[in-house]
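Asker: Input sequences plus hints: build the corresponding full structure.
Residue numbers (our numbering): 1 to 446.
Just so you know, these hints were derived from the structure itself, not from any lab.
Listed next, the in silico DSS-like pairs over lysine-lysine satisfying Cα-Cα at most 27 Å (straight line):
{"#": "1", "residue 1": "K292", "residue 2": "K253"}
{"#": "2", "residue 1": "K69", "residue 2": "K292"}
{"#": "3", "residue 1": "K387", "residue 2": "K345"}
{"#": "4", "residue 1": "K38", "residue 2": "K99"}
{"#": "5", "residue 1": "K69", "residue 2": "K253"}
{"#": "6", "residue 1": "K368", "residue 2": "K387"}
{"#": "7", "residue 1": "K268", "residue 2": "K368"}
{"#": "8", "residue 1": "K282", "residue 2": "K293"}
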Amino acid sequence: MAGRLPACVVDCGTGYTKLGYAGNTEPQFIVPSCIAIKESAKVGDQAQRRMMKGVDDLDFYIGDEAVDKPTYSTKWPIRHGIVEDWDLMERFMEQIIFKYLRAEPEDHYFLLVRDLKNVVSPELLWLDVFKALCLFLCLQTEPPLNTPENREYTAEIMFESFNVPGLYIAVQAVLALAASWTSRQVGERTLTGTVIDSGDGVTHVIPVAEGYVIGSCIKHIPIAGRDITYFTQQLLREREVGIPPEQSLETAKAVKERFSYVCPDLVKEFSKYDTDGSKWIKQYTGINSISKKEFTIDVGYERFLGPEIFFHPEFANPDFTQPISEVVDEVIQNCPIDVRRPLYKNIVLSGGSTMFRDFGRRLQRDLKRTVDARLKMSEELSGGKLKPKPIDVQVITHHMQRYAVWFGGSMLASTPEFYQVCHTKKDYEEIGPSICRHNPVFGVMS
Numbered sequence: 001m002a003g004r005l006p007a008c009v010v011d012c013g014t015g016y017t018k019l020g021y022a023g024n025t026e027p028q029f030i031v032p033s034c035i036a037i038k039e040s041a042k043v044g045d046q047a048q049r050r051m052m053k054g055v056d057d058l059d060f061y062i063g064d065e066a067v068d069k070p071t072y073s074t075k076w077p078i079r080h081g082i083v084e085d086w087d088l089m090e091r092f093m094e095q096i097i098f099k100y101l102r103a104e105p106e107d108h109y110f111l112l113v114r115d116l117k118n119v120v121s122p123e124l125l126w127l128d129v130f131k132a133l134c135l136f137l138c139l140q141t142e143p144p145l146n147t148p149e150n151r152e153y154t155a156e157i158m159f160e161s162f163n164v165p166g167l168y169i170a171v172q173a174v175l176a177l178a179a180s181w182t183s184r185q186v187g188e189r190t191l192t193g194t195v196i197d198s199g200d201g202v203t204h205v206i207p208v209a210e211g212y213v214i215g216s217c218i219k220h221i222p223i224a225g226r227d228i229t230y231f232t233q234q235l236l237r238e239r240e241v242g243i244p245p246e247q248s249l250e251t252a253k254a255v256k257e258r259f260s261y262v263c264p265d266l267v268k269e270f271s272k273y274d275t276d277g278s279k280w281i282k283q284y285t286g287i288n289s290i291s292k293k294e295f296t297i298d299v300g301y302e303r304f305l306g307p308e309i310f311f312h313p314e315f316a317n318p319d320f321t322q323p324i325s326e327v328v329d330e331v332i333q334n335c336p337i338d339v340r341r342p343l344y345k346n347i348v349l350s351g352g353s354t355m356f357r358d359f360g361r362r363l364q365r366d367l368k369r370t371v372d373a374r375l376k377m378s379e380e381l382s383g384g385k386l387k388p389k390p391i392d393v394q395v396i397t398h399h400m401q402r403y404a405v406w407f408g409g410s411m412l413a414s415t416p417e418f419y420q421v422c423h424t425k426k427d428y429e430e431i432g433p434s435i436c437r438h439n440p441v442f443g444v445m446s
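Answerer: Right under this line is the structure:
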């Protein structure tokens, strides 16, 4: 065991891919999940692109290099947590493995981290396995709704195609719960709780009981970081005329990350800006990429209106009008009655889009109001005979929140017990792929 290399953990998200070595508190590399290719590589024709063996296939960039290539076409293989272009994803992962991680799959155990979506075909599974390659002694986090058959197919590819010595499949939400143990708000280490995972492309509410995801109760919210960026961009376009058109999205993203916060009351917040604007309005200064001249814009209502779409999604998406607090309440109410109180008591935030100032406080307040109103109604309907016990609602925020899933994987893959619960190549050869239908819960290692 002493001679083993440290595990390498990779978390592929819609906007960014986080990668690094187990045992660290933060990923060593955070790169945009994009790839820049020449249009001559026939981006839209996947069948022809698979047959191409020429220079065009080698002429591409990923991450920050891809963003800075104006003569190339920039593509984002993952959209709303789903890989849409597997050819591009394969090339992206090739660079991640060999350029950043510099790893040989045959030399390392694997703990895989997958997105919160179900994989439905062998082709999708094939590239999902490339995510496996990401975790150098690796750990695989999988979507909670992933089927046992998909786990078997993943095992076949990992053990037979890549000849990995060991494989462990972990669940994203469980890793996020484990990462929350660093918070002072957490009284005891538990793997029961509700995980709100919000990244750049997708938001999920996932209930977990004793380390097991309650798959039938998971809810998807079509609001995430990129939607907030687009909404902020729209607000700035309507009011500010000094932003270069080609930099409007970049400016909106910078404004969101630098100035945005969640307000407790929308009407009062508008009043604050109207009565004393100089105190609350901020200035953003950028540089025109063409003329190289500075431009300055005022940032006002955009500061709080961007994140507000979590609580008033109809502002940005007329097809979805349910606030995040109601979604969380509905998820917990759909769960078995004996785990509802622990789920309310341990609501864990995960992902970059939950990092807005006062996001957790606003969510806790709105959710508490909903729960208290239900208890009050129960008491009234019973004519005062029923006195419900108050429900403790607590939203956990912590300093590892942004990279919670990655950090949870780092914690798991750095424990000696990790190697004991991994499914090995020897086990696979003796029993077959069905061995990966079940993986020990993270809790056995805590």
